[in-house]
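*Asks:* Okay, here's what each chain looks like letter by letter:
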Amino acid sequence: MYLESRLGFLRASQNPDGGWGYFSGKESWLEPTSYAMLALRQGGEPEPALDKAWKLIRSWQLDDGSFRPSGKVKEGTWVTAQAVMLAGIRGVNDASVRHSVDWLLRVVGAEHNMWTRTGSFLHLIKARLDVSHEGWPWMDGNATWIEPTAHTLMALKKVVGQYRTPEVERRVRDGEDLVLSRRCTDGGWNYGTPNMLYVDLPSFPETTGLALLGLAGRKQQEFAGALDLAERFRADTKSSLGKAWLQIALRCHGRDVAGPAEGGFASSDVMLASLQALGHPQGNYRLFGAERQI
Amino acid sequence: MTRRKFALLSGAAVVGAYGGVKLQKVQKPPELSQGPLGQSAVAIIRARSYSDDLVCRMLEGIRQCGLEVRGKRVLLKPNLVEFDPSTVINTNAVVIAAAVEVFERLGAAEVKIGEGPGHRRDTLEMADDARYRATIPKFERIFTDLNRDDVSAVKAFAGEPEFYFPNTVLAADLIVSLAKMKTHHWAGATLSMKNFFGVVPGSVYGWPKNKLHYYGIPESIVALNRQFGSKSFAIVDGVVGMEGNGPIQGTPKPVGVLVMGSDLVAVDSTCCRIMGIDPEKVSYLRMAADLGHVRPSRIEQRGETIRSVATNFALIDDFKDLRLVTPPTVS
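In order, the protein sequence lines correspond to chains A and B.
Numbered by this note's numbering, the letters in the first sequence go through residues -2 to 291 in order.
Numbered by this note's numbering, the letters in the second sequence go through residues 512 to 842 in order.
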């Protein structure tokens, strides 16, 4: 009932162009489309509905290799990582995917420059923040954040078998180091600022789940306690989205998480339906796991 | 560049939640513009607690400002940032509920609520924490998560050939900035103008909306108000504001007022004077002085006087020099 109600909702809310909106009946965006595709995937079987969605996503690739977040937006963003991850899962291995991987490798957080590193060295930046890592921003030219970094780590780990180069391995290792360096003192992660004006900031459930997914394949001793915190977050948070990400992350890290209470889906939120379906014991949560250790 | 400016700007840039990498562009503040012709009305209405009759208070303030509402599609834009039960980060739910009733009573064609928080993805859950869902009738039916709304392009905004805004925002005839009266550790104060950061969609620009930080916080505030200010009205929740390390980690500061007006620059300047901050030293207000009135001589204060409600908000060390040194002018 729980899983089928969400998958049924997703099947019913696919747009005629093949994509999904953030909410049913809305325009297609890459992010909800990618989650819906992962949730609905049934490996090995013909999937015309998902092929149509994939075709739509590919039509959003720009000349520089990046992907636009929707048909209306003309600029490439972090969703390029989601397209690359989908390509890896679908076994697509061609020059255009390589082009997108190259774009991901070229993009670094804008704070990774001489000015801010010097400022950090001289203790002029009023925050406890390691700016020595590159990471990934939401948009090229902006600073590094946990969520786009986690998504890019997942994507690169998914395709590293096809594109194994020293640079891919270096960026993955450095990206993971960045995630580890941005951990909040409570043991989890927020959007990427663990400390502001020398005041520690709290972590959030959803970003803790995503950070843990970005670290999949890394030795768990390096983020000791984070999985226990994630379990506590999952039990306590009222955030359905946070719970869904934590469910996926904990399962990917081998934690035996109790399944959700049975129940239908009473929202129009495509992303939520997809992530809840993915995190179900019979869901496709394994698609978020690292294919191999770097 | 002074050490303090470097620290503030690079901290903002790197820490990023409110960063602006403009290390090379620290400029002398612009001369304060005379502003538009005429005067702007700003109403200061007493509301000593959230259990006061806020509908009645808002109707009085709107009447004093002469706002026309009938037939308009109204979008209420509260300030919903994060939730912490120990402090007062967000526009109080009771203020929003009162505003819904007020604009419906005044004959709006429709009244919607929209917000796109800068840090958290789960907007509805935050709204739940802030008691919006429990307090505001039919909340889920009239609320739009602006971070995940469909968008349309606007030409030449913030140095970009095209910039994207939520369709709900673009379609509104009247945007009501339901802001919170707070200090802000990068901008000095966050009021009705800064509240427009929440109309920038996370689906395009991320969480936080880091593109704005790189364009510059004051510059972005001014650009957003240049874009939307002419179809906006401000109601600032100063019943209980936030002082110190705002906008998230400050402490509650009871003031007991609602501040309203169609000129958002004048409303925010008035709020600053109430808070003991000199608006002429707040960079985004100086920069926005061609959009509205900063000078007290050009603001027609209605309702309460500034002097009768003024109370100094604690300021962090980096903003101590914003303190208003002369007593507020009473008009």
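It should be emphasised that the hints constitute simulated quantities derived from the structure, not laboratory data.
It is possible that part of the hints are untrue.
[Unchecked claim] Far from chain A, by Cβ distances over 12 Å, these chain B residues were calculated:
#1 Lys583
#2 Gly629
#3 Leu635
#4 Met637
#5 Asp639
#6 Arg659
#7 Ala664
#8 Glu673
#9 Gly717
#10 Pro719
#11 Lys720
#12 His724
#13 Ser819
#14 Asp829
[Unchecked claim] Below, simulated DMTMM-like cross-link-like pairs (lysine to aspartate or glutamate); rule was C-alpha separation at most 20 Å, straight line:
#15 Lys71(A) x Asp684(B)
#16 Lys69(A) x Glu671(B)
#17 Lys69(A) x Glu673(B)
#18 Lys623(B) x Glu651(B)
#19 Lys49(A) x Asp61(A)
#20 Lys52(A) x Glu24(A)
#21 Lys583(B) x Asp564(B)
#22 Lys742(B) x Glu579(B)
#23 Lys666(B) x Glu72(A)
#24 Lys623(B) x Glu579(B)
#25 Lys71(A) x Glu42(A)
#26 Lys235(A) x Asp661(B)
#27 Lys216(A) x Asp197(A)
#28 Lys52(A) x Asp91(A)
#29 Lys742(B) x Asp684(B)
#30 Lys235(A) x Asp639(B)
#31 Lys742(B) x Asp639(B)
#32 Lys23(A) x Glu612(B)
#33 Lys23(A) x Asp661(B)
#34 Lys216(A) x Asp253(A)
#35 Lys666(B) x Glu730(B)
#36 Lys742(B) x Glu621(B)
#37 Lys235(A) x Asp595(B)
#38 Lys71(A) x Asp661(B)
#39 Lys69(A) x Asp661(B)
#40 Lys216(A) x Asp174(A)
By construction, the Cβ of each residue, glycine as well, lies at the ideal position given by its N, Cα and C atoms.
*Asks:* Can you confirm whether the C-alpha distance between Lys235(A) and Asp595(B) stays at or below 20 Å?
*Replies:* This hinted pair holds, its Cα atoms lying about 14 Å apart.
*Asks:* Beyond 12 Å from every chain A Cβ: check whether that's true for Gly717(B).
*Replies:* violated, 3 Å
*Asks:* Within 20 Å, alpha carbon to alpha carbon, are Lys23(A) and Asp661(B)?
*Replies:* Judged against 20 Å, a Cα distance of about 7 Å means the pair holds.
*Asks:* Tell me if the straight-line CA distance from Lys216(A) to Asp197(A) falls inside 20 Å.
*Replies:* Violated - the C-alpha atoms of Asp197(A) and Lys216(A) are around 26 Å apart, more than 20 Å.
*Asks:* Examine each Cβ of chain A, and state whether all of them lie more than 12 Å from the Cβ of His724(B).
*Replies:* violated, 8 Å
*Asks:* Between the alpha carbons of Lys623(B) and Glu579(B), is the straight-line distance 20 Å or under?
*Replies:* holds, 17 Å
*Asks:* Verify the proposed pairing of Lys235(A) with Asp661(B), using a straight-line Cα cut of 20 Å.
*Replies:* Given pair Lys235(A), Asp661(B) is violated - Cα atoms ~26 Å apart, limit 20 Å.
*Asks:* So Met637(B) supposedly isn't at the interface. Is its beta-carbon more than 12 Å from every beta-carbon in chain A?
*Replies:* violated, 8 Å
*Asks:* Report holds if the minimum CB distance from Pro719(B) to chain A is greater than 12 Å, and violated otherwise.
*Replies:* violated, 6 Å
*Asks:* Mind verifying the non-interface call on Leu635(B)? Its CB should be farther than 12 Å from each CB in chain A.
*Replies:* violated, 8 Å
*Asks:* Taking the closest pair, is the beta carbon of Asp639(B) still more than 12 Å from chain A?
*Replies:* Answer for Asp639(B): violated, closest chain A Cβ roughly 6 Å.
*Asks:* Are the Cα atoms of Lys52(A) and Asp91(A) separated by 20 Å or less?
*Replies:* Between Lys52(A) and Asp91(A) the Cα gap is close to 15 Å, so the pair holds against 20 Å.
When held up to the earlier numbered hints, the structure conflicts with 2, 3, 4, 5, 6, 7, 8, 9, 10, 11, 12, 14, 15, 19, 21, 25, 26, 27, 31 and 32 and fits the remainder.
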